[in-house]
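K.L.:
Sequence:
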Amino acid sequence: MQQKKIRLGELLVKSNIIDEKQLEQAIAHQKSTGERLGDALMALGYISEKTFLSFLSEQLNIPLIDLKKYNIDLEKARDLPEAYARNYHAVLLSQRQGKPFVGMADPLDITATDEISKVLGRPIETALVSPAGLNHILDAIYRRTQEIADYAEALQQEVGEDSLLAELDAEDDTETSAPVIKLLQSMFEDAIQVGASDIHIEPDEHSLRLRLRVDGVLQEHIIKKKNIASAIALKLKLMANLNIAERRLPQDGRFNIKISEHVVDIRLSTMPIKYGESIVMRLLDQSGSDIGLENIGMPEDTLKRFRSLLKEPHGVILVTGPTGSGKSTTLYGGLQELDTPGINIISIEDPIEYQLPRINQVQVNEKLELTFARVLRTTLRQDPDIIMVGEMRDEETAVIAMRAALTGHLVLSTLHTNDSASTALRLIDMGVEGFFVAAVLRGVLAQRLVRKICTGCSTKYQLTEHEKAWLDGIASPTVIEKANVRHGAGCTYCNNTGYKGRIGVFELLELDASMMEALRKDDPSAFYKAAEIALKGQLLVDNGLALVNEGVTTVDEIIKISGET
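Mapping the sequence shown onto this note's numbering, position 283 (from 1) lands on 863, and the numbers just tick up by one.
By construction, these hints were calculated from the structure, which means they are not laboratory data. One or more of the hints may lead you astray.
[Said to hold, decoys possible] Per label pair, the in silico range of CB-to-CB distance:
{"hint": "1", "residue 1": "R885", "residue 2": "T920", "range": "53 to 61 Å"}
{"hint": "2", "residue 1": "H1046", "residue 2": "Q935", "range": "42 to 50 Å"}
{"hint": "3", "residue 1": "T691", "residue 2": "D784", "range": "43 to 51 Å"}
{"hint": "4", "residue 1": "T691", "residue 2": "I837", "range": "18 to 26 Å"}
{"hint": "5", "residue 1": "N1076", "residue 2": "A825", "range": "37 to 45 Å"}
{"hint": "6", "residue 1": "Q605", "residue 2": "G1081", "range": "53 to 61 Å"}
{"hint": "7", "residue 1": "I923", "residue 2": "K884", "range": "15 to 23 Å"}
{"hint": "8", "residue 1": "Q605", "residue 2": "N945", "range": "47 to 55 Å"}
{"hint": "9", "residue 1": "E662", "residue 2": "H801", "range": "32 to 40 Å"}
{"hint": "10", "residue 1": "G1117", "residue 2": "Q935", "range": "35 to 43 Å"}
{"hint": "11", "residue 1": "G1053", "residue 2": "I837", "range": "45 to 53 Å"}
{"hint": "12", "residue 1": "Q799", "residue 2": "E841", "range": "22 to 30 Å"}
Glycine included, every Cβ here is placed at the ideal spot set by N, Cα and C.
All chains, please: the whole structure from these sequences, using the hints.
P.N.:
As C-alpha cells, this is what we get:
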C-alpha cells in the first residue's frame, strides 16, 4: 500500500499536477496525521478533489461515479451490511453481469475489497466515489426506519398490553439494554442522519406517529404500537428532569446527547392530547454548527449593508420573520462578527440555542420571574457595549431595549412580522412612541428559508399555468423568458423529495430621513411609501426570484413566500 501511494505521488508529479516540493510536504503531512496521500494533498490545498479523483480513476482504469447522479436501489444496496459499508467506505451500487458493483472511496484497500467480497459471496467490481458524497448516500440508504419498528415491536412484546409495565421499564435505568432506550437511540440517530430539525412523537388511538421535520417539511412514520407511547414519554421526561407524574399540564425541558460525533442539545416540549402526551423535540447540533453570516445565503450587496449596520455604535437592528425562518441563526452570525476582546456582549435568550465564547448568555426563566424586561434592566448595569434580546415580546421589553439604544448601546433583537416595512409600525402598535422608534431604529432584516433544489437530480422544468400567471403578475415577460427554471426530479441523495438543504431569502430596510420623519409625524401611509421606494427591486420575492433564476430553488417555494407576505 505504501509503495502504491508513493508511486501515485510520483505519477502526479510526472503529470505536472503537483511539484516535488508539494509531494514532500504532503508525505510529511501524511506521516503526522495518518491520512491517505490524496487526503493530505487536498488538505494542503495542492489539488482539488475533482482533479484527484479523475486522475486516480484514469490511473486505476476504473470508473469514477458521481453518486448524486447515480440511481441506487436502496433495498438492494442494504445487501451490504451497514457496518461493512461505513467501516470500508463503500456502497453497493448495482449488479454488473452477475458481479456486485461497489463504489469505494479507496479501491486500493485490498483488505476492504476482500472483506466485502466475502460478505457478498462473490468477487466484486469496484468504482471510485467521492468520500464526502459517500457519507450522504450511506445516511440515505441506512435509515433507521426498520430498526425503530423492530425495537418498538420488542418493547411491545416485553410489556404486552399493559402500558404501566412499559412505564416501569422506561423508569428502570439499571437495564441499559431496555428496548425503550434502544428505540430512542435509533430515533435520534435517524434524525441526525437525515438532518432533521425537530422530532414529533404523537400517540393516536391505535398507533404512534413519528414525524421528522427535514428542510422545513414533516416526514411521517407510523408505528402500530400504541402502548409504548407512555414508556417513551416517561423516559424522555426522566432525561429532561421533568415531573414524571404530571400529565395534565405542558412541560418544557432540555438535555444533551452524543450521537456518533455529534453533540446534540435537545429542547423538549410535552403537551397533553386526547390519547396521551404529544412530545416535540428541537435538535440543535452543537458540534458542527457553522453559523457565520457568509454561510446563510445572504446576497453580497445585502450582506455588505447588514455588516455596515452592525458597525453602528448604537441603535436597534431587528431581524423579523415567522418561527423557524432562521432569525436566531442570523443574529448569532452577527454576534460572531462583533465578538472581540475589547467589546462586552450580553445576550438574553429563551432558550439559549448555541453557546458562544466570550459572550455572556442569560437564560430567561418565566417561572422565576426572570423575564426579558427584568434581565434587560440588570444588563444595563453590567457595562455592556452590545445587547442581544432574543425576542421583543411585549411593550415593556421593547421600551427598555429602545432606551438602551438611546443611551449608547447597540441592540440586536427579533420580532414576528411579515416583512421589513411593517416592523416599525408594529413597534408603535406595541406601545413605543413613533418619535422614539425614529430615533433609534437603524435597520430591519426580514427573512425566510426556502428549500434548495437537490444538485443530484436538478433538471430543467416547464412552468405550470398557475406559476406562469403568478410570475406574469410580478415580473416582466423578458425576465420570465430568460429564467433558468429548474426542479428536482428526485433521487437517492434527497430521499426522492427533489430538495436538499435550505437557503435564506432576505429583505433589508435601512431607515432614511423620509421614513424617520413619517414616524415622528405618526403617518403610516407616508412611511410605507418611503419604504416602498427604498425596497424597490429588493423585496423578499425579488431575492427569491434571483435564486430561481440561478437554479437554486423552485418557483413553488417563492410562491409560498409571497403568500406569507
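K.L.:
Now tell me if each hint is right for this structure.
P.N.:
Verification of the hints:
Our hint of 53 to 61 Å for R885 and T920 is violated, since their Cβ atoms are close to 21 Å apart. Here the CB-CB span from H1046 to Q935 is close to 45 Å, well matched to the stated 42 to 50 Å. Take T691 and D784: their Cβ atoms lie about 49 Å apart, and the range 43 to 51 Å holds. Hint check: T691 to I837, Cβ distance near 33 Å, so the stated range 18 to 26 Å is violated.
The given range of 37 to 45 Å is respected by N1076 and A825, whose C-beta atoms sit roughly 44 Å from each other. Between Q605 and G1081 the Cβ separation comes to about 34 Å, which falls outside the hinted range of 53 to 61 Å. In this structure the hint that I923 and K884 lie 15 to 23 Å apart at CB holds, the actual value being about 21 Å. Checking the proposed 47 to 55 Å range against Q605 and N945 shows it holds: the Cβ atoms sit about 53 Å from each other.
Separated by about 19 Å at the C-beta atoms, E662 and H801 break the suggested range of 32 to 40 Å. A C-beta distance of roughly 39 Å is found between G1117 and Q935, which places it inside the suggested range of 35 to 43 Å. Under the hint 45 to 53 Å, the C-beta atoms of G1053 and I837, about 48 Å apart, fit the expected range. Under the hint 22 to 30 Å, the C-beta atoms of Q799 and E841, about 24 Å apart, fit the expected range.
Consistency note: the structure conflicts with the earlier hints numbered 1, 4, 6 and 9.
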